[in-house]
Structures are given as C-alpha cells and as structure tokens.
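K.L.:
One-letter residues, chain by chain:
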Amino acid sequence: MFAKETLQRIEADNKKWQELFQESVSKAPERLERFSTVSDRLVKNLYTPLDTKDLDYAQDIGFPGQYPYTRGVQPSMYRGRLWTMRMFAGLGSARDTNRRFHLLVNEGQTGLSVAFDMPTLMGYDTDSPKSRGECGRCGVAIDTLKDMEILFEGLPIERITTSMTINPPAAVLWAMYIVMAEKRGISRRVIGGTIQNDMLKEFIAQKTFMCPPKPSMRIIADTVEFGTKEVPRWNPISISGYHIREAGSTAVQELAFTLADGIAYVEAALERGLDVDSFAPRLSFFFNSHLDFFEEIAKFRAAKRMWARIMKERFQAKDQRSMWLRFHTQTAGCSLTAQQPYNNVIRTALEALAAVLGGTQSLHTNSLDEVLALPTEEAATIALRTQQIIAEESGVAHTIDPLGGSFYVERLTKDMEEEAFEYIRKIDEMGGMVAAIEKNYPQMEIADAAYNYQKQIDSREKTVVGVNKYITEEELPVETLQIEAELEEKQIQWTNQLKNSRDSRKTKEALEKLGEAAQGDDNLMYPILKAVKEYATEQEICDVFRDVFGIYRDPGVY
Amino acid sequence: MNQKRKIRVLVAKPGLDGHDRGARIIARAYRDGGFEVVYSGLHQTPEEIVQAAIQEDVDMIGLSSLAGAHMYLFPRVVELLKEKGADDIMVCGGGIFPEEDIPQLKKAGIKEIFTPGTPLAEAVKWVKENVEPRT
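So the protein lines, in turn, are chains A and B. The numbering of the first sequence is my numbering, which starts it at 1 and goes up by one. The numbering of the second sequence is my numbering, which starts it at 1 and goes up by one.
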C-alpha cells in the first residue's frame, strides 16, 4: 500500500528504532516475558507499513459494500442503520419470558432472541424423565404450539425479527413460530428472523444432540430448501462460532471451524439441486467476542473477507448478497467471572466495542450476573444500556471500519485469514467437516486449546482480574434470579391438559405421516407444520426422528 | 509388597446440560495428577452415573453442572448410591451454583463444591488429601 521507496526508507528507520527500543529495554526490561493474545498469539512491539506490504488495498481491503467486504457488507454500515440490539432472553414459563420480552422492547431493544430450557433444546417435553429438574432453568420451557402463542403475545412480530437459539429440534420450533404467526394473520412471507439450526457446531462444541450427523444434515437441508421457497425473510441457519469459542477454542479455530461448517451447509444445499444464489444470501453467522480487543476485531474482518472469497471462488456465487457474511455477535460468557461480578460490566463493554468495530449486524451483551444464574431485569437492562452508550455516546459508529488501515489490525486480519484457510485445507483433506467430526478432529483441537489456556491462567501467565490477581476477600453479594420450584409440576399439568383437549386421532395421523416422510425423501417441513398445528408436542415430533434416524451419543473424548 | 492402588475417579455430566469444557479439563487434570479417570460423556441420568461408578469401582464421583439443574441431579446421585449400598463413594461437584445452593448441596451429602476460578492444581490436591483408594 506504500511506494517502494517509501518502504525502503521506513525499513531503515525501523531498524534504527528497534535498536533504540532494545537499548531502552536493556535498562528497564519489558514488563512481560512473552506478549501474547488470549489465543496465545505472539504480539510484536510495533507494527509499521512494513507489516502490511503484502496487502493490496483493492484486493484485500476495499470499500464497504464492495468485494471482499473486509470493511463491511453494506455501503453505509452504521451511518445508515445501527446494529440490531438483540438480547438473548428466556426464563421459566412462556408467560414469564413474554413479560421479559415486553420489558426489553420497552427499553429500546430492536430484535427478539429466545433462550430455551434444556429439555426444549434437546427435543424432550417437560414430563420426560430426562427433563427432571431442568424445566425453565436455563431458558423458557416450550412443549407445544400453545406455549409459542403465549411467548409472543402482544409482540409486534410483523416488524420485529426473532432469533431462536435452537438446534436439533429447530425445524419443530420454527414450524411452531410460523403457525403461531399465521394464526395471528401474519403471512410466512412477511415474518423475519433466524433459527440457529447449526448441528455441526453442536457435535463440535455445544453438544445438544439428537440424531447422528448425516440425518441431521438432511433435516437442515430440508429447512434451507423450505425457507428459500416459502419464508424468504428468514435465515434458516445461523452458522455459529460462538459455542466453539466458549468450549475453549482459539480465535483462529473459531473462525476456521465456523467457515468450514458453512462450506458443509452450502455443499448439502447444492446436492439438493438448489442454485447457490437462491439460498446463500440467507445464510447468517454468529460469532463470539472475547476479551482480546484487536484480535477479535481482526477475526470479524477476516471472516467477512474469507466468506466472500469462499463464495465467489469456491462456489462461483454471482449475487453479491451470497458473498456477504452477515453476523450476530455475543460477548464471551466464558470471560465473565463469578468473583467480583460487577467487573463483568466492563468486560462486556470492551467485548461489545470490539464487535461494533468489527462490523457486527446484531449484538447481545451478557449481563453481569449470567455467570451465576439467568439475568435479573436490572442486570439485563444494564447490558442493553452498554450497547446504547457505545452506539449513541462514544462516537465509534460515526465512521465506517475506523480501524481499517491500522498496521496491527491489518496484519492480524491477514495472519488469521491465512491460518484459518490452512485449517480449512486440512478439513477438506479429511473429506469435509462431517468426516472431520467423526474423527473427533475439531473436538480435540479445541480441548487442547482449552487445557492450555486454563494452565496459563493457573500459572498466572494470563491475568483474570479478581480470580488470579487483585483478589478481594469480602465481596459484594449479587442478587440472582430464582425460578419457582413449582414451575415443573405446573408445566407438566398444563401440557397434559392440552393433550387431553386436542383431537388425538388427528395428532396421531399427523405423526404417522411425518414418520413416513422421514423414511422417504420428502421435505420434512410440511409434515412437521401439520403435526404442530394438531398440537403434537415437541417431543412427540422429535421421537419420530429418533425412531427413524437413531440417537447420537457423545463419544466422551477428553 | 502391597502397593497402594491409584485413586479412581468418575467425572460425570448429569442431565441435559452440554457444557463440557470444565468436565473435560478437570478429567485431563486428574489424569495428569496421577489418578485413573473415567469420563462419562454427556447427558447421563443419575441412574446411569451410579451404575457406572459401581461398575468401574471408583473412589469418587465428580459431577459437573452449568445449567441450573444441580439441586435435583446432585442429591439424586447421593441418594441412589445409598440405595445401592455404595455410599462409601465420595461425591463432589463443580460448575456454576448460586451461593445459597452450596450449603444445601453439602447438606445433601455433596462433600465439596468447586466453583469457577478454582486452579486445577488445587482441585487435584483436594482429591489427594481427601480421597482414599477403597480396599
């Protein structure tokens, strides 16, 4: 990006400066033996134009809204519209969560995001023996369409988009949402939102499983095909790095495994005979924003550039929108500490700032108490306010990609891109992500990184304030949210009542039709919609899948 | 000469919670600390955990939970051990727990609770000092 003569001069000056630096640290040594990022990447003392001399502005960086989209997928970015402030929320019953949604919307939140409880996430009803003790504990309990109707009562879903963090039973919950909207007179062509529906990262990291990888990919391809035809404003997959990072991966592993998952989904849809530009514009992404500020910003920028290149070069996409990596970000839950929990507000603010400087389309900020329990209303409001302060007070959203051109950030972006492409090459050699997962490859790479990081914390090579440094004996207590003990019993009774009042012959018929479709090749979304309408429970539908496709069991490697 | 056998530990994930980063790290740390480790894998019922503990003849069970269902799942494991006459197997827990739950868990027979921020070496040391290989 600099003329040859200029670079030569800088090279000479840099040499002199390095001598000066060495002289200075020979008198007073550097404060650390090793300067490295959260992901254990070594950081130099200074970055100069010499570090970006292999970059070409037009080819590698470019302009916002233009290939390769390093500086943003839209031309106007936050000058036009701010990112969507989307707080992930779910607690207790559908009624409890509906109340929390109304609060967040009243406080200025601009999108909805549902957290489900463990039984719902795994495709079990509240009355299953496997669900004992879990109802409403880490999200909202949804057993049937009726719960979904209550969850969104009074919320303007014709203009607000909804994200649902749901994976093995994603098709079922999506069907419930579609039927709920249509019962309110809102067409499936109008509703907008996202289902996570990313099973590959479940096998790799988050570990909510139902069926083995291959049939899981079939169900996902069905949803992509159905969405492309019938629900044009919906993102049928949110290809997620968040959980890969939470499981302990490095930033590069998060980047590489997420994009490799994306490649696998594109290939599955192409195998269906879909045209790449018919579905690729609706693929969305979800990343983690961890504490290492510049490394995170570089990761987001590299992700945008890599996906554009993958779509254009590997899959010959023609539509620009197929090349856009649109992404949601959540601040890193794993970076929060139970010790001195108020410090979590600051951690979250830094991580949110990195996500904004990385050009996120949507953001969730964690609450200070989420390391202990589901957030209280007060804590969730502070987390939302954090985003509003970044958006409207700090001025960082006034110009697009303000760190573009930073020698350090551009170098990091390029290095992370190269290293992530190297991982993708390895995965391709193994036969793609499904094969790599069957070999436990990404799982073990992540386990190694997680163990290494924990040892660095234990040896105090990495500082965690309040945990291995600046420890206080007396701590301010934090009030945490309680989920009522009777909830489980009430939810079981409520679903039983509903089961007794539905037309059980019709429900049974719909489930049988679904079973036949699962054994054949028909798109499963249509019989799922039918079963949901007949008030089949989530588990009744998922049991059909478990019967036909089998159950995946954790290989239990460490 | 009668050499003392190694301490045997079952690291287990009860319930539907999939957060296994901590469990897998502690399994490695126990292994590196010289114990024989069995890891249950995810999504185990208390019944399955107790059965595995007896079958594998372990001295201690380490339960990991990060999704809030510990108040049912942990005491249930202790209860089942008692029913099977295997309550000489010690039960500990690790993960995320609201402060006020910890004394209740201990009262229910969970010997020790480890919360986030516990150094691995400390967790290993605790086992060495508190768990005897059963004869």
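Because the hints were derived from the structure by calculation, they are not lab data. From a predicted model like this one, the values you see are computed outputs, not experimental measurements. A hint or two may mislead.
Result set (DSS-like, lysine-lysine): computed pairs, CA atoms no more than 27 Å apart in a straight line [as the list claims (entries may be wrong)]:
| # | chain 1 | residue 1 | chain 2 | residue 2 |
| --- | --- | --- | --- | --- |
| 1 | B | 84 | A | 455 |
| 2 | A | 506 | A | 533 |
| 3 | A | 455 | B | 6 |
| 4 | B | 6 | A | 469 |
| 5 | B | 4 | B | 84 |
| 6 | A | 130 | B | 111 |
| 7 | A | 469 | B | 125 |
| 8 | A | 130 | A | 229 |
| 9 | A | 27 | A | 318 |
| 10 | B | 6 | A | 130 |
| 11 | B | 111 | B | 6 |
| 12 | A | 130 | B | 106 |
| 13 | A | 214 | A | 229 |
| 14 | B | 128 | A | 455 |
| 15 | A | 455 | B | 111 |
| 16 | A | 130 | B | 125 |
| 17 | B | 106 | A | 462 |
| 18 | B | 84 | A | 130 |
K.L.:
Checking against the hints above, which ones are violated?
P.N.:
Checked against the structure, the hints that fail are numbers 1, 4, 8, 9, 10, 16 and 17, while the rest are satisfied.
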